[in-house]
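Can you build the whole structure from these sequences, using the hints too?
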Amino acid sequence: MAGPDRLLPYLAVSAALFALGALACAIRRNAVGYLMGIELMLNAANLNFVAYGRFRGPEAAAQGQVATLFVIALAAAEAAVALGLVFAVFRTFRDVDLEKVRTLHGD
Amino acid sequence: MDPISLALLCLAAPLAAAVVGALLWRKSRHVDLVSIAAQAVGAAASLAVALGAAAPVARSIPWLSFPGARITFSLGIQLDALSVPMLLVVQFLSLGVLVFSRWYLGDDRFYGRFFASFSFFVFAMSMVVVAPGLLQAFIGWELVGLGSYLLIGYWHDKAPASEDPEYQAGKPFHATGVNEAKLNPAMAQLKAFVVNRVGDFGFLSGLAMLAWLVSSLPGFTGGDPLAWTTLFVAAGSVAASKVAFLGFTGAALLTLAGLLVFLGAMGKSAQFPFHVWLPEAMQGPTTASAIIHAATMVAAGVFLTARIYPLLTPDALVAIQWVGAVTAFVAATIACVQWDYKAVLAYSTISQLGYMMLGLGAGAAAGGYGAGVSHLYTHAIFKCMLFLGAASVIHALHGVQDLGRMGGLARKMPFTAIATGIGTLAILGVPGFSAFWSKDAILAAAQAKMVLAQAHGAGVMAAKIPWILGMATAALTAFYMSRQWLVAFVGKPRDRHLWEHAHDPDKPSIAVLMVLALFSLQFVWTGSVNPFASGSWLDGVLQSPMAVGELPEELAHHIHASTMGWTIALFFLGSGAAFWLYVTNPLRGGSAATWLRRDPPTNLVWKFLANLWFVDKALDLVFAEGIGRRGGELVAKADLGSGLSVDGTVDTAASLVRWTGRFANLFQTGRSLAYAGWTLLALFGALALLLL
Amino acid sequence: MDALLLSTVIAIPALGALVSWCAPERPELHKRITIGFSVAMLALTGILFWAQATTATTGFLLRERIPLLPQWGVAWHLGMDRLSATMILLTALVQFAASLANAPKVRVRSYHAMFQLLFVGVYGSFLALDMVFFYCFWEIMLIPMFFLVAVWGGDDRKRAAVKFFLYTMSGSMAMLLGIFLLNVSAPRESVPVPVRMEEVREHMTTGSTGEAILYGLPVMTGSPDGHQTLVRSADVAAGRRMPMYVPLSRSFDMLHWKLLAPWWAQRKVLGIGLAGLCLGLFFVGFAVKVPSFPLHAWLPHAHVQAPTAISVVLAGILLKLGVYGLLRVAWPLFPGAVAQAAPLFGWIGTISIVWGGLAALGQSDLKRLVAYSSISHMGFCLLGLASGTEQGIAGATFQCVSHGLSASLLFLLVGVVYDRAHHRRVDGFGGLAQVMPRFSAIFLFSALLGAGLPGLAGFVGELGVLLGAWSASATRMAGFIAATGVILSAAYLLWTVQRVLYGPLRHSEQAGFADLTRTEMAALLPLAALSLLLGVWPSLLQDVVGPASASLSGHMAWLQRPW
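Residue numbers (my numbering), protein chains in the order written: chain D, 1 to 107; chain A, 1 to 692; chain C, 1 to 563.
Source of the hints: derived by calculation from the structure; they are not laboratory data.
Keep in mind that the hints are not guaranteed to be accurate.
Far from chain C, by Cβ distances over 10 Å, these chain A residues were calculated [said to hold, decoys possible]:
1. 44
2. 194
3. 411
4. 690
Which residues of chain A face chain D? A few of them, derived with a C-beta cut under 8 Å, are [stated by the list, open to error]:
5. 109
6. 668
7. 672
8. 676
9. 680
10. 682
Partner residues aside, some chain D positions facing chain A, computed with beta carbon under 8 Å [stated by the list, open to error]:
11. 22
12. 24
13. 25
14. 29
15. 98
16. 99
17. 101
18. 102
19. 103
20. 104
21. 105
22. 106
As the structure is a prediction and not an experimental result, all values here were calculated from the model.
For each residue, glycine too, the CB sits at the ideal point set by N, CA and C.
In C-alpha cells form, the structure reads like this:
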C-alpha cells in the first residue's frame, strides 16, 4: 500500500485542504473560483471520510466509502446548480465578480 | 278623585302640554293656550288636593330594582305638610306667569317654544315637590335644570353682548363685573347648567352614600333605601354605626352625607359661591326669570333642605346657616351698586335665598324650620310679582333695563307701580306685609339660636356672626330695594322720550299682578289684620318634622319683639338712606353715588362691589379657563401629542422596534462575499464551541 | 329547529358578506342589500331577546354544542343567556343604524363585504362559549376593521389602522397566552371541584334518571376524596343544602372554566399565582378594547380616520366587547384576584372617566371629542365591574347599552355635519340651530343623553355604577371622584352644543345646509327613542340583565370565601 499508514497525516492534509478551500471562499472575488473553494472543502471532507474508513476497522471501511460516494454525488449536483446560478448571474450582470453583485441589500 | 290622582294630574297636564308644544310650536301660536289650559287644570287639581287631603298620603311604583341586593327604587307621589303648599304655590304661580307671558312675549319669533319649555319646567318642578324619596327628587332636580336651560337660552341665536349693538346702546353704565364677550343666552344657559352640575355632583354622591349606608344597616329588609320614611328612620342607626369612610364615622358620616346633598341645594339655590349663574340667567325672558329664578327652581334647593331636615346633624345645620348668611350678605352688597333693573332683582333673590338657608340652619329648636319654609312661600309670591313688574317696565320701555334711564314711571304705569311698591314693602319686612311675618321669623330664629348657644355655652360665635350678617343684610335690603323702586318710579324721568310711551300691561296681566299683590299682604298669611299678632293658620304646616322641645314662651316672645324692633329700625335706616340719596339728592351737580364712586376709599369699595366681589372673575379664571380650557388642552396634548404622551410612549416603543430593524439592516449589504465570510465565521465558531 | 338557531345568527352576516362580494359594483344596490340583512338580523335578535326576556331562567336559554376535537376539548359551542341576548340585540341595532349611514362610493363590493364580515366576528364573540372559537371570532373582527379604516378612511387612515391593529393584536396575544396557560394548568384527569348551589339551580338540566346535569357534567355530593353520589335535580330545586361537586378535566369550554374557578385560585405558574397572572393577561386583552386608560390611545386615531358608519360600529358595539369579555371570561374565572385588584381597577376606571372628560374639553375636532367622550363613558363600566356588587355590574351592563345608543347617535350626527361642511372643526361652526332645526333638536338630545340626564338611558347606567362603587369598600373613594364625570360630560357636551348650534350664524355659507334627510332620520330616531324609553322605564332592560348581574355578583362573593 502506498501512502502513510497512520491516520494523522491524512487528517492534516484534509485539514489543510479544507482551510485552503475556506480561504478561497473567503477571498476569491470570482464566482467560479468561489465554487472551486467549495469543491475543495467538500473533497477535504471526502478525504476525511476515506481516511477514517481505512484506519477505523472493517465496518468503518464500508461506511467511509459509502459516505464518500454520497458526497461526490452531492458535490456534483451542487456544482451543477451553482454553475447554473453563476450563469444566471452572468446573464443579468455581465460579470461574475461577487464584489460587484450587491443589489440584494437591505436598505 | 283621590288626592294621589289629582296630584298626578298636576304632573301629567303640564307634561302633555310640553310634548304638544314641542311638536307643534312651529306650526301654531296656540300652543300658549294649550299650556295655559293644562296649567289651569293643574292649578285646580292642586287646590283640590290642598283643600281635601288632611293626613299625609303616599303611593309609589317600582322603577329600578336590584333583586340580589333586595333594593328597589321607586317613583311616586307623597303629599304631606311640606309638599302640598309648595305644589299649590308652584302650580298657581305658573298659571299667573303663563297668562302674563302671553302679553309679554307678544309676537316674539320663538313664541310657542317658551310655553312648551315652561310647561316642561312645571312638570319637572312638581316632580321634585311630590317626590317620595331622594332619587325622584334628584331626577326631577336635573329635569328642572333642563327646563331652566331651555328657558334661559330661549333666544339662543343672540350674539354675545360685545358684538350686539342693541346691548351696547342700551347697557347700563358701570356694568363692569360682566364679561361681555361671554354674555349671551347660549353661554348663560351653559353656565347655569354646568354650575348646577357641580352641585349635582354633590347631590349624586350624597345620594349614593346614603343608599349605601341605609342598605348596609342590619335592619334593612329590602325596598327603597332612599324613600323619605326609610331614610329618616335609618338616620339614627347610621349615626350610631361603626361604618367609616375617609376617616368619618357615625354622626360625622351623616353630616358628610347631608352636606353633600346640600351641595346640590347650593347649586340650585344659588348659594355663595355657586351663585354666579343666576345674574347671567337674566338673559332669558323676564317672565321665565319670574318663575324659575324667583319662585320655584331656586326655591327647590330650600325645599330640598327642608325635606331632608331629619338627616341634618347640628354640625351640618351650622354649616348651612353660615353659607346662607354669607350668601345673603354678599349678594345684598352687590345689589347696592347695580344699575340694571333685573340685576338688582337677581341679586336680591340670591340674598333672600341666603336668608332662607340662614333660617333653616338655625335649627328646629330655634324655630328655624318654620321660619325658612314660611319665607320660601312668601318670597316666591312677592318675588314673582316683582319680576313680573320688571317685565312690565322693560316691555313698556322697549327692552331698556337701565335704571339710569327710568324715573317717574308711577305716573305712567300706576298698576305696575302699586304692585312693585307692595312687593318692595314686602321684601323690606314692613309690618302689614307678608315678609314682615316670615323674614322676622328668620331673624328671630337666628337670635334664638344665639340665645340657645349662650345657654349651652358652646358655639356662641358660630351663632352670632350669622345673626349679625342677617341684620346687616336687612339694612342693605331696605336700601337697595327702596333705591330701585324710587329711582324707577318716583321723581323726574331721566329719559323723557322713553317715559312718554310707557304704559301698563294688558288687563289679564294687571289682574295677575293684583292677585299676587294681594298675597303679599300679611293678613293672608297670618289670618289676622294685626301685624304684631303672633301665630298663623299655617302653623300646622310649618311644624318641623322633628319633635323638638320649644323655647319657653316668654323667651320666644321677647326675641320676637326685639327682632321686630330691629327690623323696623333697619327699615327706616336703609330706606331713609335710599330716599335721601336718590330722591332728595342734596348734592347738586351729581348724585351722592357719583361722589361715592369718585374718591378713595369709597371708590375701592365700589369697585370691589361692582366687580361682584371678583367671584365671577375668579371662578371663570380657575375653572372655565384654567381647568376647562387650559386643562383640557394640556390633557389632550398629554394624551395624543407627539413626544412625552400616552400615545407618544407607544410610538416610542414602536420606534425602538424600527431602530432594531435598522441596526439589523446594517448587515444586509448585499455583498455575497461578506455573507460568505460571516457564514464561515459562524461555522468555525460553532465547531470551536462543540469541540471545546 | 332551535338547535342551530344561534349558528344562524352567525351565518346570516356571513351569507351577507358573500352576497355583497358577488353582487355587481353598484352603490345603491349594495346599500339595499346591507340594510336588508341588518333588518333581518334586527328581527332575529329581537325575537331571541324577547324570548329570553320572557323566560324566568337566569341560565342559557339556547345552547348548541358540536364536539369537534374531543381529545383537546374543542367544540363548536354557542350559547345565549340574558347578557348575550341583550348584546346581540344592541349589535343588530347598531348594525341597522350604521347601514343607513352614508357608505363610500368606491370599491363598494369590498366595503360592504367587509362590513358584513365584521359582524360575523361580533356576533360570534358574543355567542361563543368555547375559548378557541371565542378567540377566533375575536380575531375575525380585526381584519375587516383594519381594511375598513385603511382603505376607506380619512387622510391619516393607514397610520390609524395599523395602530389600531397592533394595539388590539398585542392585547389578543396576551389573551392567547392566558388561554394557553389556563389550558395547560387545567386538571389532566377528572377531579371533583366544588360548585355553588345557586349556580346548579339556575343552570341545571335534568338527566334521564332525574339526576342533575350542569353543562353536561353530573353533579355529585359527598366528600371530594370519599364516596360520591349523584344529586337529584328535584332536591336542588327544592333548595336542599348540600356540598356539591362536578368532575372537571382539561377542555376549552368557557362554562367548564368558570366552574374551575376554585381550582385556578390555587394554582401557581413559575411561582406566581395563576389566577392573578391570567387575570392580568386577560385584563390587558380586554382593556385595550374597552378602552381604558392607559391602553386607549388607539381610539382617537381610529375614530377620527374611520368613515362615519365604521365609527358608529366601533363606538357602538366593538367597545362593548371589551366589557363583555371581562364579564364573561375574566371576572367569573378569577373572582379572588379580581377582589384583590378591585381598587386598582376602580382607579383605572375613574382615571379613564376624568382623563377622557378633560381631554374631550381640549379637542378641536368633533369626532375626536366624541371619541374621548366614549373613553370617559366606558370608564364607568370598568368602575362598576371593579366594585363587584350587583348594582355596579348591572350599571355597567346598562351603561354598555346606553353608551352604544348615545355614541352611535353622536357619531351619526357628526357625520351629518361633516357631510354638509366637509370639516369637523368645532370652531368652524356657530348658529346651526337656525339653519337645521331638527338636527339641533336631536343634537341637544344626544348631548343630554351623553351627559347622563335622568329620564334618559345614560343616567341609569351611571347611577348603578355609582351605587355599586359606594357599596364596595374597595371602590368607594374612586366612586366619589368618578362622580365628577357628570360635571365634565355636561361641560364638554353642552359647550360643544353651544359652539356648534347656538349663537349667531358665524359662517354665512352654512346658511344653505340641508336639514336631516329621511334616511338620516330613520337612523337617528330609533336610537333616540330607545334611549328615552330605557331612561324612563329602565326595568325593561334591568329586569333582563339584573338577575345575570346578581348571579355574577353572587358567584364572586361565593368564591371569596376562604378555602
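Hints, one by one, checked against the model:
1. 44: 26 Å, holds
2. 194: 5 Å, violated
3. 411: 39 Å, holds
4. 690: 31 Å, holds
5. 109: 69 Å, violated
6. 668: 3 Å, holds
7. 672: 5 Å, holds
8. 676: 5 Å, holds
9. 680: 6 Å, holds
10. 682: The hint is violated - residue 682 of chain A has no Cβ within 8 Å of chain D, the shortest such distance being about 12 Å.
11. 22: Cβ of residue 22 of chain D sits 6 Å from chain A, so the hint holds.
12. 24: 10 Å, violated
13. 25: 5 Å, holds
14. 29: Status holds, d = 7 Å.
15. 98: Constraint on residue 98 of chain D satisfied, holds at 5 Å.
16. 99: Where the cut-off is 8 Å and the nearest Cβ of chain A is about 6 Å from residue 99 of chain D, the hint holds.
17. 101: Hint holds; residue 101 of chain D Cβ to chain A Cβ min 6 Å, cut 8 Å.
18. 102: 3 Å, holds
19. 103: Holds: closest Cβ of chain A sits about 6 Å from residue 103 of chain D, inside 8 Å.
20. 104: For residue 104 of chain D, the interface hint holds, since the closest Cβ of chain A sits about 5 Å away, which is under 8 Å.
21. 105: OK, holds: residue 105 of chain D within 8 Å of chain A, min 3 Å.
22. 106: 3 Å, holds
Checked against the numbered hints above, the structure breaks hints 2, 5, 10 and 12 and satisfies the rest.
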